[in-house]
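Participant: Be aware that the sequence shown starts at 8, since it is given in the numbering used here, and climbs by one per residue.
A couple of the hints might just be wrong.
Label pairs and their in silico Cβ distance ranges [to be verified]:
id : residue 1 : residue 2 : range
1  : GLY148    : TYR202    : 22 to 30 Å
2  : ASP228    : SER167    : 17 to 25 Å
3  : PRO186    : GLU163    : 22 to 30 Å
To be clear, the hints were calculated from the coordinates, so they are not data collected in a lab.
In this text, a Cβ means the ideal position worked out from N, Cα and C, and glycines have one as well.
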Amino acid sequence: MAPLLIITLTALTVGCSKEFSGTGKPVKPDEYNLALDFKPSVDSLRLKLDSVYTNIWGENYSVSAFKFYISKIDLINTDSNKIYSINAENYFLVDAADSTTWTVKLKSAPFRYNKVAFIVGVDSLRNVSGAQTGDLDPAKGMFWTWNSGYIMAKLEGKSSSSTAANNKFEYHIGGFSGPDNVLRKTVLLFPFGEYSEVLPGSSSVITIKANVNAWFYNPHDLKIEDKPVVTTPGPEAKAVSENYSKMFTVTEISN
8 MAPLLIITLT ALTVGCSKEF SGTGKPVKPD EYNLALDFKP SVDSLRLKLD
58 SVYTNIWGEN YSVSAFKFYI SKIDLINTDS NKIYSINAEN YFLVDAADST
108 TWTVKLKSAP FRYNKVAFIV GVDSLRNVSG AQTGDLDPAK GMFWTWNSGY
158 IMAKLEGKSS SSTAANNKFE YHIGGFSGPD NVLRKTVLLF PFGEYSEVLP
208 GSSSVITIKA NVNAWFYNPH DLKIEDKPVV TTPGPEAKAV SENYSKMFTV
258 TEISN
């Protein structure tokens, strides 16, 4: 199988056509016909909270919390350069501790797709829109203040390499404006020759691995020993976001 292509860009600088020309009947409001099935992982292993893993730097660590937002989902057919944008007002919190959040159910126009794109995080408008509900409810533990906004992605755990109290490490990555913007657009090409066949009366599942170990490298070196805590917007948070935006890989398509 040919290697997957992953392109990651800053959300504010990416534009794409919203034109779409497909076939088939529109999806009924009470149906879903496409699912993104996220699999929290550590390299080739399924992530188990509080189990011990090793990062690229040889540092042992365990994970107690792993969460991230996705939004503004696009489905793409590269043969025709057509793009179908899922409702822009949908925001989904994927939480490794709650397997019911791993599957994101969507309604899409029937068509053949071979690429998916989404934003990792919550856009600036929602960050300053007051009290939110659903996955944006502050009770989810992913909101700082009305000034600082949402935590776009969170990774917490323990490591013997950490110099923080109780050997903890905490990466709470946020920031939505100006130079502190950590919103990232990730575009994933499907395995070679495979398509998501979204048809009337049926559903398609796109399985996406979310690899925790990707937080620690490429393009920025992140060693727990050197930086066990990043919990405020700024250059360090931006660097971590550039790493974790590459943690996604489409591993399987089921039609």
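Participant: Look at each hint and say if it fits the structure.
Facilitator: Hints and how they fare:
1. In this structure the hint that GLY148 and TYR202 lie 22 to 30 Å apart at CB is violated, the actual value being about 37 Å.
2. ASP228 and SER167 have their C-beta atoms about 19 Å apart, which keeps the hinted 17 to 25 Å range intact.
3. At roughly 25 Å, the beta-carbon separation of PRO186 and GLU163 lies within the given 22 to 30 Å, and the hint holds.
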